[in-house]
Amino acid sequence: GAVVSQHPSRVICKSGTSVKIECRSLDFQATTMFWYRQFPKQSLMLMATSNEGSKATYEQGVEKDKFLINHASLTLSTLTVTSAHPEDSSFYICSVPNRRDTEAFFGQGTRLTVV
Amino acid sequence: SQQGEEDPQALSIQEGENATMNCSYKTSINNLQWYRQNSGRGLVHLILIRSNEREKHSGRLRVTLDTSKKSSSLLITASRAADTASYFCATGMNSGYSTLTFGKGTMLLVSP
Chain C
4 GAVVSQHPSR
14 VICKSGTSVK
24 IECRSLDFQA
34 TTMFWYRQFP
44 KQSLMLMATS
54 NEGSKATYEQ
64 GVEKDKFLIN
74 HASLTLSTLT
84 VTSAHPEDSS
94 FYICSVPNRR
104 DTEAFFGQGT
114 RLTVV
Chain Z
31 SQQGEEDPQA
41 LSIQEGENAT
51 MNCSYKTSIN
61 NLQWYRQNSG
71 RGLVHLILIR
81 SNEREKHSGR
91 LRVTLDTSKK
101 SSSLLITASR
111 AADTASYFCA
121 TGMNSGYSTL
131 TFGKGTMLLV
141 SP
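Chains as they are written, first to last, in our numbering: chain C, 4 to 118; chain Z, 31 to 142.
No wet-lab data here; the hints were simulated from the structure. One thing to keep in mind: the hints can contain errors.
[To be verified] With a straight-line cut-off of 16 angstroms between C-alpha atoms, the simulated EDC-like cross-links for lysine to aspartate or glutamate are:
#1 C:Lys58 <-> C:Asp68
#2 C:Lys44 <-> Z:Glu35
#3 Z:Lys100 <-> Z:Asp37
#4 C:Lys17 <-> C:Glu90
#5 C:Lys44 <-> Z:Asp37
#6 Z:Lys134 <-> Z:Glu45
[Stated by the list, open to error] The following label-pair restraints were derived from C-beta to C-beta distances:
#7 C:Thr60 <-> Z:Thr50: 45 to 55 angstroms
#8 C:Asp104 <-> Z:Leu91: 19 to 29 angstroms
#9 Z:Ser42 <-> C:Val6: 30 to 40 angstroms
#10 Z:Ser88 <-> C:His88: 41 to 51 angstroms
Just so it is clear, CB atoms sit at the ideal spot from N, CA and C, and this is done for glycine as well.
Generate coordinates for the entire structure from the input sequences, incorporating the hints supplied.
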């Protein structure tokens, strides 16, 4: 069965609104989760590392005020795209490493379309 | 920044044929992993090869790693239509296996 649950799988929102994406680890607790973004026909780019109980670590060029990450519990991380614009339309995927950090499990992804 | 570069970018073959995808990377790595992504879906981990390994097999998959050339290849033997997907290599940095830098991917189309 699924190890990581990501919700929603697809969302359409209007420009200027905010969208929250959830990533849940179903099988084990995770102090760290990762958020990636994937543009059409391109690769995954790491956006940020979500740390339980502390601030997320953002990759260079990713606006932390625009992509708010909250890792409030050991099984849930949320990514909120604030004041969304059409250029934020993308596929967002989270991943959760296992306890020994020997493998990463990916969510099914969220297709965000901003109109 | 992206680490891996896969080639070809797209590959079209017939069922039963073998598919070979290559990946090159730029910096030193701890491990290299291959993932599969069906259209618009999440990623599925296929195989991991550590930097001190040269070859690994898993079912119809064969992965090689040449750290001197900073390259890896993924071979899928006796391909099936269900193998149609995008395949990505990803390199693991530092001592962990989950902080990954992905290549651009190869889109594989297997026709019946």
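Inset, instruction - Below or equal to 16 angstroms on CA atoms is what counts here, so check Lys44 of chain C against Glu35 of chain Z. - result: 14 angstroms, holds
Legend entry - Lys100 of chain Z paired with Asp37 of chain Z [C-alpha distance capped at 16 angstroms]: 14 angstroms, holds
Inset, instruction - Determine whether the Cβ-Cβ distance between Thr60 of chain C and Thr50 of chain Z falls within the hinted range of 45 to 55 angstroms. - result: 36 angstroms, violated
Inset, instruction - Return holds or violated for the Cβ distance of Ser42 of chain Z and Val6 of chain C against the range 30 to 40 angstroms. - result: Holds, since Ser42 of chain Z and Val6 of chain C (Cβ atoms, about 32 angstroms apart) stay within the stated range.
Inset, instruction - Measure nothing beyond the straight line between the CA atoms of Lys58 of chain C and Asp68 of chain C; if it is 16 angstroms or shorter, mark the hint as holding. - result: 12 angstroms, holds
Legend entry - Distance restraint between Lys17 of chain C and Glu90 of chain C, which requires alpha-carbon spacing of 16 angstroms or less: Judged against 16 angstroms, a Cα distance of about 12 angstroms means the pair holds.
Legend entry - Pair hint Lys134 of chain Z and Glu45 of chain Z, alpha-carbon separation not exceeding 16 angstroms: Answer violated: Lys134 of chain Z to Glu45 of chain Z is near 24 angstroms, above 16 angstroms.
Legend entry - Proposed proximity, Asp37 of chain Z with Lys44 of chain C (alpha carbon, max 16 angstroms): Holds - the C-alpha atoms of Asp37 of chain Z and Lys44 of chain C are around 14 angstroms apart, at most 16 angstroms.
Legend entry - Assessment of proposed distance window 41 to 51 angstroms (beta carbons of Ser88 of chain Z, His88 of chain C): 42 angstroms, holds
Inset, instruction - Please test the hint of 19 to 29 angstroms on the beta carbon pair from Asp104 of chain C and Leu91 of chain Z. - result: Cβ of Asp104 of chain C to Cβ of Leu91 of chain Z: about 23 angstroms, so the range 19 to 29 angstroms holds.
When each numbered hint is compared with the structure, violations occur for hints 6, 7.
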